[in-house]
Each structure stands twice: as C-alpha cells, then as structure tokens.
Amino acid sequence: MLLRLLLIFNVVSLLSGCLSEPPTLLRIGTNIWPGYEPFYLAREYQWFQSEQIRLVEFGSAVDVMDALRQGRLEGGGLTLDEALMLTAEGIDLTVVLVCDQSEGADVVMAKPEIQQLKDLQGKRIAAETSAVGALMLESTLQAAGMTMDDIQLVSLEPREQLQAFEHNQLDAAVTFEPYKSRLARMGAHVLFSSKELPGQILDVLVVRTDALERHQQALRYLIGAYFQAREEILQANNNVLDILNRRLHLTRPELLNAYDGLILPTLEENRSWLDTPPGRLHGRAVALADLMYRQGLASSPDANIRTTAELLPVPRS
Amino acid sequence: MTRHYRVRTALLLWTALALGITSLLMGYFLYQASTSEFRHSWEARVHNEMTQLSRQLQYNLASGEWRLADKNIAFIATTPYILSAELQLDGTIRLSTRRERIGSKATELPPTPDASEFDGRQPILVPQVVTFTIEGQRHSHDAWLVVEYNIQNERKAMLVNVSLRFAMILLLMLLFAVGLSQLIRQQVLAPLNQLQGFARRWRRDGAGQRVSLDGSQEFCELAATFSELSQHLLKTSEQIRQQHAVDTAFARAFPDSAVLIDESGRIGASIGKPQTLLWLSGNSYPGQLPLWSWISDPLQQEQLKQNWQQALNTDGVVQSELNQSGYVLDSRMSRITSVDGKRHSSGQVLWLLRDITELRRQQQELEYQARYDSLTGLANRSTAMAAIHTLLEQSERDQLGAILFIDLDHFKAINDSLGHAVGDTLLVEASNRLSQLSRECHWLPARLGGDEFVLVSLQVFQQAEAAQAAVQCMAERLLQEMIDPFVTGVHRFYLSASIGASIYNSYDNSAADILREADTAMYFAKTAGRNTWRLYDASMQEETHARLRILNDLHDALLNQQFSLMFQPQIDPDGAIGGLEVLCRWNREGELISPERFIPAAEELNLIAPLGEWVLRNACRQLQHWQQQGLLPASFRRMAVNVSPNQLHDPGFARHVLTILEENRIRPDQLEVEITESVFMDKRAGVIHQLQELIEQGVSIALDDFGTGYSSLGYLRDLPIRKLKIDRAFVAAIQSPPQHQPSGIIDSIIQLGHNLSLTLVAEGVETAEQHAYLQARQCDLYQGYLFSHPLTATEFEHYLR
Chain E
0 MLLRLLLIFN
10 VVSLLSGCLS
20 EPPTLLRIGT
30 NIWPGYEPFY
40 LAREYQWFQS
50 EQIRLVEFGS
60 AVDVMDALRQ
70 GRLEGGGLTL
80 DEALMLTAEG
90 IDLTVVLVCD
100 QSEGADVVMA
110 KPEIQQLKDL
120 QGKRIAAETS
130 AVGALMLEST
140 LQAAGMTMDD
150 IQLVSLEPRE
160 QLQAFEHNQL
170 DAAVTFEPYK
180 SRLARMGAHV
190 LFSSKELPGQ
200 ILDVLVVRTD
210 ALERHQQALR
220 YLIGAYFQAR
230 EEILQANNNV
240 LDILNRRLHL
250 TRPELLNAYD
260 GLILPTLEEN
270 RSWLDTPPGR
280 LHGRAVALAD
290 LMYRQGLASS
300 PDANIRTTAE
310 LLPVPRS
Chain Y
0 MTRHYRVRTA
10 LLLWTALALG
20 ITSLLMGYFL
30 YQASTSEFRH
40 SWEARVHNEM
50 TQLSRQLQYN
60 LASGEWRLAD
70 KNIAFIATTP
80 YILSAELQLD
90 GTIRLSTRRE
100 RIGSKATELP
110 PTPDASEFDG
120 RQPILVPQVV
130 TFTIEGQRHS
140 HDAWLVVEYN
150 IQNERKAMLV
160 NVSLRFAMIL
170 LLMLLFAVGL
180 SQLIRQQVLA
190 PLNQLQGFAR
200 RWRRDGAGQR
210 VSLDGSQEFC
220 ELAATFSELS
230 QHLLKTSEQI
240 RQQHAVDTAF
250 ARAFPDSAVL
260 IDESGRIGAS
270 IGKPQTLLWL
280 SGNSYPGQLP
290 LWSWISDPLQ
300 QEQLKQNWQQ
310 ALNTDGVVQS
320 ELNQSGYVLD
330 SRMSRITSVD
340 GKRHSSGQVL
350 WLLRDITELR
360 RQQQELEYQA
370 RYDSLTGLAN
380 RSTAMAAIHT
390 LLEQSERDQL
400 GAILFIDLDH
410 FKAINDSLGH
420 AVGDTLLVEA
430 SNRLSQLSRE
440 CHWLPARLGG
450 DEFVLVSLQV
460 FQQAEAAQAA
470 VQCMAERLLQ
480 EMIDPFVTGV
490 HRFYLSASIG
500 ASIYNSYDNS
510 AADILREADT
520 AMYFAKTAGR
530 NTWRLYDASM
540 QEETHARLRI
550 LNDLHDALLN
560 QQFSLMFQPQ
570 IDPDGAIGGL
580 EVLCRWNREG
590 ELISPERFIP
600 AAEELNLIAP
610 LGEWVLRNAC
620 RQLQHWQQQG
630 LLPASFRRMA
640 VNVSPNQLHD
650 PGFARHVLTI
660 LEENRIRPDQ
670 LEVEITESVF
680 MDKRAGVIHQ
690 LQELIEQGVS
700 IALDDFGTGY
710 SSLGYLRDLP
720 IRKLKIDRAF
730 VAAIQSPPQH
740 QPSGIIDSII
750 QLGHNLSLTL
760 VAEGVETAEQ
770 HAYLQARQCD
780 LYQGYLFSHP
790 LTATEFEHYL
800 R
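First to last, the protein sequences are chains E and Y.
Anchor point for the first sequence: position 80 equals 79 in numbering that gives the first Met the number 0, and the numbering is continuous, going up by one each time.
Anchor point for the second sequence: position 437 equals 436 in numbering that gives the first Met the number 0, and the numbering is continuous, going up by one each time.
The shape of chain Y in the complex, shown without the other chains (with noise of 0.2 Å):
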C-alpha cells in the first residue's frame, strides 16, 4: 500500500532532508578545506618567522651585539601567538622571553614539527638552528632558537569563521527552503484547497459552479478551464436528463422488447416490453439466463448463438426470425461500442425483439389474395401466368403444354336475374369441380374472373399427339362434370361451358399470347354452339383477325361510304309488291361483307347509331324519291328498316327518326322498325318508350327473327306490335312435300301470330313449295330469293317496273 502524504509534509520532509544532507556535506568540506588552507598557511608563516628571526639573532651574535639579540627575543613575546622564545648556546640559555631562565641549563632540543602539528590543536615548539661567526674568529658557533607557538585562537578564529560561513549558507538554504514552501503553499495548496472546495460545491450543489483561484496564471486558467468544464457539464447533463426523459418517454411506448445482453450472452437490462419474452418463455422472465434458453427449437438456438457472435464482430445489425409458441418475431442484434468511441466492441450486445405475427400474417393473407382468387379458392389470373411462365422457362425445346380455357355458358344471365349470390355460389361449386379433377389430372385450376377459369397442365408433353390426348380427356370430363345439376338453395341449374384448348410449344410463346389462343378457342367453342370444347389452330387465329379487321376498318367504311343500301322486296299473296326490307351492304375494297358480321361489329363499337341513322335517312331519301317518281305500286304499304336494341337506348331516337321521315317528306306510317326480341332482354324502360312514342306517331314495328331468340311472350302483350317476321330457319325447315313433314313450329308461330292478329311475314322463302306451304295457312307478306334478291336502288326502280 502505498502511503499518501500531504504535499506540505512531504515537502518538509524533503527538503530537511535535502538540507541536512547538503549541509553535512558542506560542512565537511568546508571544514576540510579551512583547516587544510590554516595548516599550510601556518606552517609557511611559522616557518618565514624563524628564518626572519634566526637571521637577526645570527647578525647580532656575529657582532656580539647581544644586547640587540635580547632586545629581539623580548620583541618576539609581543606576537600573541608565540608563547615563549629562548636561545641555547652551547647547553646554556642565553636568550628567553622569560628573564629569570636566562643561564640555566638547556633542555634538550625539540624536534623539527611535522607539518600536520600547525593544526592549531596543541602548542608547537619550533626549534631553528643560528650557525654564526663570531668576527675576527674561524669557526663558527651553533646556536639553538626554540620557539614555542600556541594558535590555538587562531584555530578557533578560522573554526569561528568557517562556522559562521556555513552559517550564513545553511541560512540561505533555510531562506530559500522557506521561501519555496511559502510559495508552493501560495501558488499550489492554497488554489488546489480552493479546488477541492470546488469540487465540493460542485458534488453539493451540482454542476454549473464557477471558481476563480488564487495564485499563479495556471492555476487562473484551471480555473477557467473548470468554470467552462462545470457550465459543460450542466449543459450537458441537462441534454442528458432532457435525452433520458425523451427515451423513458420512448421506452414506455416503445413496442416492442429490447434487452441488453452482456459478455456471458446472458440477457440483462430490458426496454419497452419484456412481457415478449415472458409470454414465449412460458412461465418467468428470462433474465439473466443465457439468451437462446427459452427457444424450443435446437436450430433456432443455435441460429441465435450465430446471431449474437456474428453481432458482436460486425457494425451492422444482424437481423434474423424466430419462431416461437406460434410467434413469429423479428430479431435485431446490434453490438455496443465501448464508451471510450473506439472501435472495439464492450462485449454487450443490444437485442430487438419485434412481435411480427400479425404482419406476418396479413403478409401471407395479402400473398395469398395476390395470387388466389378469394372467393373460390383458387389460383387468380397472375398465378395462372406465373405457373405457365414457369413451365415455359422450365421446359425444355420442342416439350409441349396445355392450357383449357373454360367459360360457363349463359352464367352471366343467372347472375342478372338471380343476383351475385346465386351467381357466386354456382361459381365456388364450378370451382370445386373444376379444382377436385384437377388435382387428380395434375393440372393448375385458376379463376380468370367472372366465369372464366383456366387450366394449366403442370405436365409436359413430348408428342403433340400425348398433348392432344390430354387436353381431349380433359376437356371430355370438364364438360362431364358440368352435366350434373348445380344445386343451391331451391335452385337447381343445369351449367354447360365452353372450353377452349390450347397447346403451347415452350418457345414460341407467351403466356398471355397461350391464354389469348386458348380465349380464342374457347370463343369458337361459344360460336360452335356451347357445351363443348375447340382446340385452338391457326385458322382461328385467323378467323379473328378477320373480325377484328372488320373492326378496325368500320370508322373508315362509315367516312368512306363504303355502304350501300339493298332493298329486297315483300311479297303480299296477290303477288304485288307490299314492302320493302332495307339491307345494309359493305363493300370492302370490292369484297362484300355480311351484316351478320359487321352489323355485331359496329355495335361493339358503338358505331351502331350513326350506321343506323345513315341507313334510316338514306333510305328515307331513296324512298322519297321513288314516291316523286311514282315509281311504287299502290300496294306498297311500308318500308322496314333494322334498328338494333343499342340504338333504342339513346333516349332521343324516337325524336330522330321522326325528324328524318319529316325531312324526307315520309309519312311515318311508310316506315316500318325491325327489332329483334333481344330488345325485350334488356329491362330498362327507355326502349319501350321509345318504341311506344313511335307507335303513337304511326310507325309500325316488326319483330324480327321470331322464334330464336329469348321466348318469352309477355312483350307481345305490352307492346302493340304489328307484324312479326318469321326467321328463315323456321322457313327454311319447310320440306316438300310439306304434308308430309309438317313443321309444327312454324305453324304454330302462324297460329299465334293469328290469334293475336299480327301481320306475319316469312322470311327467306326461296322455293314455291315453302310460297305454297306458308300461302295455305295465310302468310301475310314474303320475302327471299323466290320473289327477289336484295336489289339495288336501280335494281329495285327496274324491279318496280
């Protein structure tokens, strides 16, 4: 352990200690050098002295001036520091500094001091030879001078000195000791008490506090720099309560569950809604238990020890599903950063948990929608295409598929008169039908819309022949399985459909080019008469562009007045012309196409009402103009004109013709309107109304193609019609001889027309035996080749006479 001192302590203790060392050392050398400087010093001195004094005694005694010797020794004991001087002659003394020694005997000589004796420490005696010659004499006398010297206060002078020297330095040391600790105490405790007292305050009072500090320009910009670092952290921790409220806030609605997981893997603090996991868990709370413990599932688990490892060594965010109790979550992992903003993960790993069952869900229901039909159940249009598409792009070259094409027959009649849940449910019964053999026969059921299903062959064919085969027992079973009654409710429907086939060469198509040509086939299945099937080839294909030309090309027939107007004559039984039915010709670019084909065309494109006033004016005109001519016989009652059930839904048309007969000077009793009982199909009150503001204004109306059409004879009795026209099936079925082979229909269709008093006119009478047979039971008028082919306007005038 280490110990902690106070700065000011250890500050004392270490500079006694730096003192005491350095004055130990001072003095010693100081001593040291002091007493080696007197040593010498006095020893030259000493010895100076004693050559100075033995050269005098040696002049003096040559000269035998002893009282000048004397005089001399006694001058020595004047030097404070010698202590006593005599001179030895010859075993005497001769000379001293004390009188009352002179002529006693001498004491033996001294020796010579050794250097290390001028220490001052104890008195020296100094003894110095004086060799002299006494004048006039040879030899030469030894004298002996004995000096005794005592530095003993010289020596405590200079140990006085030195003390005081060093003294004087310890003094310094002490000064500049103090004067150290002063400031460090100043400049440095003093700002750091200061701080501490901050620090207290700030702990106390919390952040924001400022501080100014005494002492030097550091510790002024410490101050500052705490001042600023104290408002930082308000500030701060202001924006951290401010953020902390705004994420409480944001974890009590958060929805869902967020959990720390630490180093262990062991899930720890939690967000939002833990309750997440303690509904999986089962019965508590999963905390600290290692985060996969509460997956069933051995993957899973293992997919979530990934999931974490993979978290922790990424950036990113590791997003995974789990399944769970019948839960499907989303599982969001993402690693947390150390505090320290470097890049190295803190081992913890923050875990989202999303419930997304019910999305999943409606995911699903909303895939599901997307590619099944909801009400029946079964594939919908894009599936179909998909799943032919895939067979296309699965199948190898010269592989064939198939496809059926299927729509029920007069269905949309059912759903008119008996309502969408008659309807529907004839369409989920179809469906289970069409679905059960499918599945047996391998192949994908799909509803188009309205009643338009197809079928995919999930197989694939290698001979045309396998595929015909195919299509043809299909098709043979569709059309089997429809022939029992649909039941629902009271109702009992017996369905027929029509089923067009298609088979399909994987490279040379499309999958709405195959459903088109299955469409195709299919319609020709409807033209054939329904309840049956087509496969579809080429010259349908064909069939249909001829159609569809007559389509495009009629805008510019009815611009370019590629029409003509035919008539073709009535017949009354006296043989005279009684009427005339107007017919509408086509001359394309010299080719003659039939009303049968152009005339469903032009209502298709709602060119039916200009064509139809364009017939009904011109013909109009031609009439009017063979009445100046005077060119009609005075059996001549009435001009027909066709007029389609489209034309009679513009409100103004009664209006219209009316204007037109008027313009032309026609009487609108000349003007017959021929309509077909299809008319009386459509419900809606404009056409009655208009066709009775007709009548009320005299024009008559026919009814066309009696018999074929939608029997239904409530009309006849609502609407005052005049005339019905027999079609030219029913005529046609007339064989010779007719007695033999009575065609009851027509008879009775005379009969009725009798029996209501309506005009009846046959139609395509072309043999003498049908005049006859339609004569004997009182037909009105005739019409067909025996009496004329529809003529033209020039025709006609040469007919007329």
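Isolated chain E (complex conformation) (with noise of 0.2 Å):
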C-alpha cells in the first residue's frame, strides 16, 4: 500500500518535473545583412522549429543590441566589433558561429565625380558610429594619406544615407550591403572596399552566456541549419535567390555581387576561428578592442569575449 502510494507520488513528481518545465524560446536577433541571410533560408524550409528559435528581424544593428541589453534576445547576429562593446558593457556574450567575413562587402561608396582616394580631401563622408564604420573610414583615410582632419564625417546608419545620398547632402558613405547596391544604383561606386583588409571585418553569432547552458540543443540544430543553408545560398539557384530577395531587394546581380564581397567560412575554417582559445578570432577580438580603445568607442582596450567551438555540428565522418 504504502510503496504503491509511493510509486504514485514518484510518478507525479516526475511528470510535474517534466511538465514544468516552460518550453523556452530561443530568440535570435539580426539587422539584414546577407551574412545572416542562411538562417532566413533555414526558416523559409522549416529546418528548425519555429516554437524553439525564433529569428527577430531588426532594422539595424543598434537595435538588436539594445535588444540583447534588455535580454529580450538570447543571441544576435553582430559584428565583432559591436559584440566586443557589448561585453565591454558587462553583458557576458559567447561567440558560437563566425558568419562572414567581409572582403569587400564593407564598401566607401563615393559619387562618381571623386574617382581617387586623395580627391575626399575636405569632402563630407557618412560613416556609422561603430567599429567597423570607424575601422573602415581608418583604413580609407590610411590608404589614403589622410587624417580624420581632412574630411567632414557624418555620423548616419546605412539605411539615413540612401536619403542624404540622394539629397546629395553626402560625398561618401562608409556602407555594406544591401545599401552599398542601392547606393550604386543612384550613381555611386566602390572607392574602397574591406577587399583591402581581409579578416578584419567579421560578423558572429553570439549568444548570451547565460542562456547558453539552457538552449544548447536549439542553438545546435541552428548552427546545423545555418551551415544547411550555407550550401544552399552558395550553389545559388534561383529558388534560393529568389527566397532571399524578398528581404534583401536586390537585383540577381547586386545579390550575386554582395555575396561576391563575403566569405562564409566554413565548418572547418569556424572551428578554427572558435576552437581552443585563444584561438584566432580571440586574437582577433584583441586587436579589435585596441582599435576602439583607441577610437575611442570603447572605455577598456580588454576583449572580454567567450568564444565556443562546442556547439559546431561534428563532421561526419
């Protein structure tokens, strides 16, 4: 009688443990950016459950970090360097998947009237206020024989500079894809492009530390799916462009072009990015956060990233 009740109570306890469980969404915030473009593809085939990850469509970067500051993500897609000034703000973030990396998507268009680098002396250059605005205007400026000093910068996100561009309220726009093709298409070209800094500019998917115990097996069936999807976007078949010009607006060549700009690295080339800190995007992040120290985007010159390998898809072998 009494192990008979037992059992009972053993039972209920069990399934009350296993109902109470709430089955957690796994949020993941991104702005449009061809580098994520993979996930929506994932989404679109229904590679993973919509009730377990969720993908957020934000209209810039800045927004899914303030997103992720609130912790109403539990991952984003960001550059680098906006993960570093995250974690910078003691919002503990793990790397998971490094998405791109840009050569020649992070593009300083110019109006066809300034057709060599030197011709920006004194002219008005948009840039975003982040890391890889900064990185890339420095780079130009670099190659250029200028400093900050020689130009006039605007501080305006991609997306405001189409408007100033077409007003001709701008000389040059630091910009990536898909503003960099919309740009082009109002007159605009290629005066310096992330071509000249290979490696430098990467886009991650990073996760907050937190969450990560908690959503390891949705995060794996997302990076699965990613890496799934990848392929698909690489083989370039109509459908798949198709699918992903209903977000990007572009035309199949500015599509092909903007993916011309990009790596994807694969499998192999992420694990080597991720595995083993402090493996190469550690090295990476360093160098980075030296640079916003000195730019003044960050108050620490320390890269307090995580960064994890685990939650790679193991190759078959």
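Any given hint could turn out to be false.
[To be verified] Here's a subset of chain E near chain Y, in silico, CB distances under 8 Å, partners left out:
#	residue
1	24
2	31
3	55
4	56
5	57
6	58
7	62
8	68
9	71
10	72
11	246
12	305
13	308
[Unchecked claim] Computed beta-carbon distance windows for the label pairs:
#	chain 1	residue 1	chain 2	residue 2	range
14	Y	174	E	267	55 to 65 Å
15	Y	12	E	50	41 to 51 Å
16	Y	89	E	65	24 to 34 Å
17	E	267	Y	89	49 to 59 Å
18	Y	89	E	195	43 to 53 Å
Hints were generated in silico from the structure; no laboratory data involved.
Even for Gly, the Cβ is constructed at its ideal location relative to N, Cα and C.
Please dock the two separately framed chains into a single complex, following the hints provided.
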C-alpha cells in the first residue's frame, strides 16, 4: 500500500517535473545582412522549429544590441566590434559561430566625381558610429594618406545614408550590402572596400552566456541548419535567390555581387576561428578592442568575449 | 443477506471512493477556476499591451518616425507569446515582424476576438486601430495594427500548474488516507485480532486467561475489562460448577419429584424421583404430556390447570393437594422468572410433588388418637367436651341438653385382681354396649378414662320434661344393658353401673361444669348404693360443697384443736365397765361433724396419720389421768382406739404407738386397736407386719364393723385378732320379740366368734331386748345408747363415779 503510494508520488513528481519545464524560446535577432541570410533560408525551409527558435528581424544592428542589452534576445548576429562593445558594457556573451568575413562587402561608396582616394580631401563622408565604420574609415584615410581632419564626418546609419545621398548631402559613405547596391543605383561607385582588409571585419553569432546552457540543443539545431542553408546559398540557384531577395530587395547581379564581397567560412574555418582559446578569433578581438579603444569607441582595451566551438556540428566521418 | 466486509477492505473501498469523488470534484473546480482566471487575465493583458503599442505607434507615425515604429514592431517579436505583428495602412503592410511581407497587400482585417478565445487553445489575431494625424496635416489616418498572439505554452504551463496543485492535494489526501488506514490497522485491527486470538484461547483453554492489547488506551482498558471478565467468569463458572455439584447431589438425594412445566403446560425435565409420577400415571413417565393428563379425576384436573395458571401469574407458591390412585400428593407450583432478571415470567413453572400419603395417614391417626380413645374407639374426653361445647354454641336460648356420666361399679377391684387385660376386655365390651345404644338413641358415647364414660345427647330439648324423660329412658336402658353378664375367656362377670345425669341449659354452664355436675350426680348414685342413676340437682351441689368444706377446714381444725375426744363405755355381762372406745368429735364452730364425714375426708387429705396420733396421744393421756385418779374400776380392761388402714401403711406406726404408750405409762395390754376388714383388702405385707408387732407387745386388735365389708375369713387365721365388733346394722336388725324374727346373720357371727375363741363386742345396743338377745347368746361386751352415749372426759368421770 505504502509502496504503491510512494510509486504514485514518484510518478506524479516526475511528470510534474517534466511538465513544469516551460518550453523556452531561443530568440536570435539580426539586422538585414546577406551574411545572416542562411538563418532565414533555413527558417523558410523549416529546418528548425519555430516553437523553439525565433528569428527576430531588426532594422539595424543597434536595435539588435539594444534588445540584447534588455535581455529580450538570447543571441544575435553582430559584427565582432559590436559584440565587444556589449561585453565591454558587462554583458557576458559567447561567440558560437562566425557567419561571414567581409572581403568587399563593406565599402566606401563615393560620388562619380570622386575618382581617387585623395579626392576625398575636404569632402563630406558619412559613416556609422560603429567599429566597422571606424575601421573602414580609418583604413580608407590611411590608404589615402589623410587623417580625420582632412574630411567632414557625417554620422549616419546606412539606411539613412540613402536619403542623404539622394539629396546630395553626402560625398561619400561607409556602408555595406544591401545599401551598397542601392547607392550604386544612385550612381555611386566603390572607392574603397574591405577587400583591402582581409579578415578584419567579421560577423558573428553571439549568445548570452547565461542562456547558453539552456539553449544548447536549439543552438546546435540552428547552427546545423545554418551550414545547410549556407551550402544552398553558395550554389545560388534561382529559387534560393528569390527567397533571399524577398528580404534584401536586390537585383540578381546585385545579390551575387553582394555575396562576392563576403566569405562565408566553412565549418572547418569556423572551428579554427573558435576552437581552443585563445584561437584566431580571440586574437582578432584583442586587436579590435585595441583599435576601438584608440578610436574612443570603447572605454577599455580589453576583449572580454568568450568563444566556443562546442555547438558546431560534428563533421560526419 | 448482508455482506460482511473486513474492516480493511471496507476502509480501502471507502477511501478509494471518497478519494475518487473528491479528486474528481476538486479537479473539475480547480480546472474551471484556473482556466477562467487564465482567460480573464490574458484578455486584460492583451488589451493592455495592444493599447500601449498602438499609442507608441500613434506617436511614431504622427511624427513621421517610421524607423522608431519599425523598431517597436521588431521588438514585439521578442515577446515569446507574440507570433507576429504588422501595421497596415491604406491596404498595404507597412511594418511587419516579417520583413518579406512589408510592402505587400494587406489581408482582410480579422474580427476583434471574443473573450472566450483567450483560452490559449488557438493563436489569436488581435486587430487594433492606430489613428494618427501627421503634424501639419488636418486629416487623420487610420492604420491597423494586427498582432498574432499564441498563448498555448502559457495555457500548458497553467494546466501543468493546476495538475501539480491537484497532484499535491491528492497526494496529501492519499497520505492522510494511508495514515488513517495505518492508524486503524495498528490501533484497531491489530488489537481486534489479538482480542480474537484471546477469544479463541478462551474457548480452547477455558476462562481465566489474561490478555494485553497493543494500541490505544481504550483497548488497554478493554483488555483489562476482558481479563477481569475472564477471571470473573472463571470464578463464576467455578461457583456454578460447585453449585451444580451440590445441586446434582441434592437432586439425587431429593426425596420428592420436581418437574418443569413448559409454556404449553407439558411436563418437561425432571429432578429427583420422577418415579412418583411413573407410579401414579400407571404405565409410563408422562413426559411431554400435559401436566394434568395422568390425573383421572376431572375435578382435580381442573384444579391443576387453575393452579398452573395461577402460578404463572403470581410470584408466590401455589399449593394444593392431589389424590390419585390412593396416594396423597402435595403439589407446589412456582413460576420461573426469566433469566434476564426482570419480573416477567419465562412461561415455565417448577412443579414440586411430594408424596405425603404416609404423613396424611399419620396425621389422621394422631388426630384420631387425639379425639378418640385408643382402647375402645369411643370419643375421648376432649372430644366429648368439644361436642358439648358445640352443642352449647349451636343450641338456642332455653334449649336443653343432656349428658350421662357412667362409672362401672367395682371395676377397679376386678382390674386389680384379674389384671388389666381382663379389665380392658370388659371396658371394650361395655363401650360396645354403650355405643350401640347411643347410636340407636342419637347420643354420643365417650370414654373419659378408666371406667368412666360419658354419653352426650346430640338432641336438644325444648322442655325440661322431655329432657328428663330422655335422660330417664337412656339411663334405665343403660342399666338394663349392663345386666347381661360380661364374658371374657373363662370369666363371667356381672357388672353394674352408677349413672349421673345432668340436664343443662345452654347459657348457664360450661362444658366442664356440666361434666362435673354429671360426675356429682354419679357420685350420689354411687353413694346411693350403685347400679342406679341420679339426676343432678342443686342440693347435690350443696352437699358436695359441704364435703368440700370439710376437706378445706380439716387442716385448720387439727391446728385449732377443734377436735375433741368422746369416750363410750363398753359394758361387760356383769354390767360393769369392761372397756371404752375412744371416739373423735369435730366441733366446727358449734356444729358437730360426725366421724363418718370427716374421717374419709382426713384419709383423702392424708391427715389421718396426725389426727390418729393426736387421738391416741390424748386418749392415752386421759387414760393415764384416770388411772392416777383411780377412777377406773377393776373390771376395766382396755381402751379401744380406731386406726384407719392408711395409718397402718406407715412402717413406723407400731413403734410410734408403743412410744406414746410408754410416754403415758400405759401398758400395751391396756390398748386395743380397732381396724376394719378393709385393712386386709390391701395385700401389702406392711400392714400385717405392723399389726403383728403391736400384738407381740401386748396390744390387742379388734375387728370393727365385722360383716359389712370384705368378707374373707382367711385373715382371721393369719392374725391373732382378739375381738370382733358386730356392726350396729346387725344389732339394729334384732327385732322384738327376738325369738320371732331370729337374726340369722348375727347368730352366725356370734357363733363364728365363739368358734374362734374371740371376744365379741356388740355395737349400737339401744334397747333392752337387743341386750337380752345378745346376752342370751353370750356376747362379751356391749356398747350403745342403752348404756351410755359417747361421753366427754368429764362426763365419763361422772359416769365412772
């Protein structure tokens, strides 16, 4: 009798234990950036469950950072410098995936009359107040043999730059896809690109470290789906491109062009970025942090970001 | 038929039932309450969120801040339970959480969801209008915000929560039930099992066991009570066994029969000797038969039934007597009260039968003996008295009754001489004659004792004459009846009877008085010469009284010197004084009472000895006085003194007489002792011995009243009697002229005296003719009025001179 009751008690408590664990949602936020499109393609193909993983689409990376700060996201797609800014604020983040390396995707677009770097002398140049913006601008000025004093800096987000450029309020702008292609439609041309800075600009998927354990399973799913979608995109068949374009609104050449400027690292490359800290990414983060400190974008030169390769899919042998 | 469950099973079933019903109800109510609360809270929450969002958007749109509006919409998507949100303006989706939709044509607006749709079962589309006016413009725009909520997870969480709470309560209830069940098992069932074991042991090993129970205090107390009960039962059963042994022994020794009568009046179990019933019923024991079945007499049957009914309805003993087949049975019935101690009857009756046949017979015999004379079968004194008493009570005033008192004449002599056997035979014969006559004449015969009988007239009479006639008739017929000789063996007897009759008035006398009157009358009949009857009259009573007075006064007379001595001279043939006879006189206050009256009285009262001594002593003293005075003539020989037979019974009499003589210096040959023939009727040797001693000392003996009494001449041969005194009756019979009417008897007596060389004294000589007659026949001495009356001492002295 007593045994039976104890058994019942156990069953009940076990059952309630299972049930009381609420099905938690892994929220990953990104801005619109071709490097993140594999996630959306995977979502389109329903390679992960929307009940477990939700992709939240923001207008800019700043919003993604805000949402991460507020804890309304578990993870997000950010450039490495953005991630470092957040960690500098004390938010504990872990890099679980390197989505892309910008090798041409980040560019300085200029009016047609500015043909050479030295033509930038005294011109109005728009840039995002971000590490990428700073990095691009600094590299451009360095290549032109100028300093910040030689130009007029206008701090504008890429989306806002479109309107300002149209109204002829800008001479040049530090931007990236898909805004690069849109500016190109208005007659702007590439003056300087991240091709000149290989491996310098990275987009990563960061997750709040406190949510890492809880969403381990979902993250593995997501990353697995990411790599699958990456393959699809690299094959670049029409169907896939159509799907991408619903969000990016680019012409087919523009789209292909955009991806030309991006390197989507393979699983193995990711592993080399992330594995065995201090890995390659860590070294990059330290250098970036230093740069940001020097630019006044960060209050500390320390790079307090974690990396893990644990969540990467194990290659099938 | 009721089914009996084990407590455990019942408890389990009940617990299961109660738990089941409670949990069903509780689960239902909990679910209802929780879902209702869930709906309401979500409805309110959604409403709040939508309002807040729409306000923000209103502000953004009014100021043209599309970027901020976009950001707000994007942020909504971070809310887990919001699937999507979009803003429609002018039929186009302007903002959306899904970027690919922006710019596409808006779908139809969903209806405002009902409150009941917030139950979390399905995703809900919630529309909210956002009205804004762009700064600087006059007219407003209506944008629509459509948000898709999905609160299925929250509902699940709520349900889990409810389930958890329900499970917790259920678990508590289960624990409670288990605890209760354990409690009952340990505190109730375990001691009950122990108690059951105890009861089994009790049954197997008998009472007296002790038990201790685990569990609560109540059970400990119960155990103590049971132990006590067991002990008590042991003791009680011991007592019962003891009592039963005693009862069994009692039943074995019980001399009577006892049977139980059941409710229907049938004879059940028996105790003692049921043989009594066996004998009475004739053939077999009347068990299982109605209790009256063996009684043949229908009246007694009825009585038995009544007794039984009576016994059933009372607490006492119903007693009756039964007569059956010559047996007398004492029947006692007592109901048996029911075992529960209340006062109502169990319907059973204990019937005790005692054979009292022998007792009754003995009682009757005793009664008979008490009322009847055992020898003759006649009624005894008390019965006769009772009969008289009854007659007295029953008779009316002025009615007269009669009795006869009968005494057989001389019966004592026959009884003494021939023995009691003969006497009894005579009595039986006499009583037979009496009873035969009595039956004819309607009288009741009774024997008072000895030879005394009484006849009581069972008739009463209105007139004295009739009574007297009846008495006379009866008395005479009785006397007639006695005439026939009584024959017993070789003896033939002629008996007579003296009868006293009394006629009594019903109001003036008691039975004892009446009997005494008849007795008195009988005495008079006896005195009148026997073989006759006398009717009582008052004078008889007076006479009797007189006699009684004599008896009463005699003592005083002796003390007060009321007696005096008289001296009557005895004359010899020469005319000289040859002797004298001393006579005693009683002068009672001037009234002279003759010796014939007081001597028998003195004898009766045993005063004869002192009286005799007084007479002798005074006579001697007188004689001595006269001797000294020289008054006695030369012819004087002896002084005669009467001695009664009773005096002679005293063994010291002779010596006493001699002492008195010596004291007064009187020679023994000067004294003559006069005795009557009746002295010799007493055969005792003492009398003869006394007389012989006196004779040896020279005292002479004279036989007084010769010829009137017991005429056996043998004693004349045995005793040296010197003198015969011829009774005055014979002397008186001498008529003149004597030669014409010779008196044969006196002649014979004188002849006898002469033949035996005895001195003859004639008494009561009153006439000269008598003197001459006697002198002619040579009598030796003469005494009588012819010569002298008895004289006082002084007179005698004068006479001597």
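Evaluated hints:
1. 24: 4 Å, holds
2. 31: 7 Å, holds
3. 55: 4 Å, holds
4. 56: Holds, about 5 Å.
5. 57: Since the shortest Cβ distance to chain Y is 5 Å, the answer is holds.
6. 58: 5 Å, holds
7. 62: OK, holds: residue 62(E) within 8 Å of chain Y, min 5 Å.
8. 68: Because about 12 Å separates residue 68(E) from the closest Cβ in chain Y, which is outside the 8 Å limit, the hint is violated.
9. 71: With Cβ-Cβ at 4 Å, under 8 Å, it holds.
10. 72: This interface hint holds because 6 Å falls under the 8 Å limit.
11. 246: Holds, about 5 Å.
12. 305: 23 Å, violated
13. 308: Violated, about 27 Å.
14. 174(Y) / 267(E): 55 to 65 Å: 59 Å, holds
15. 12(Y) / 50(E): 41 to 51 Å: 46 Å, holds
16. 89(Y) / 65(E): 24 to 34 Å: 30 Å, holds
17. 267(E) / 89(Y): 49 to 59 Å: 51 Å Cβ-Cβ, so the 49 to 59 Å window holds.
18. 89(Y) / 195(E): 43 to 53 Å: 46 Å, holds
Of the hints listed earlier, those the structure fails to meet are numbers 8, 12, 13, in rising order.
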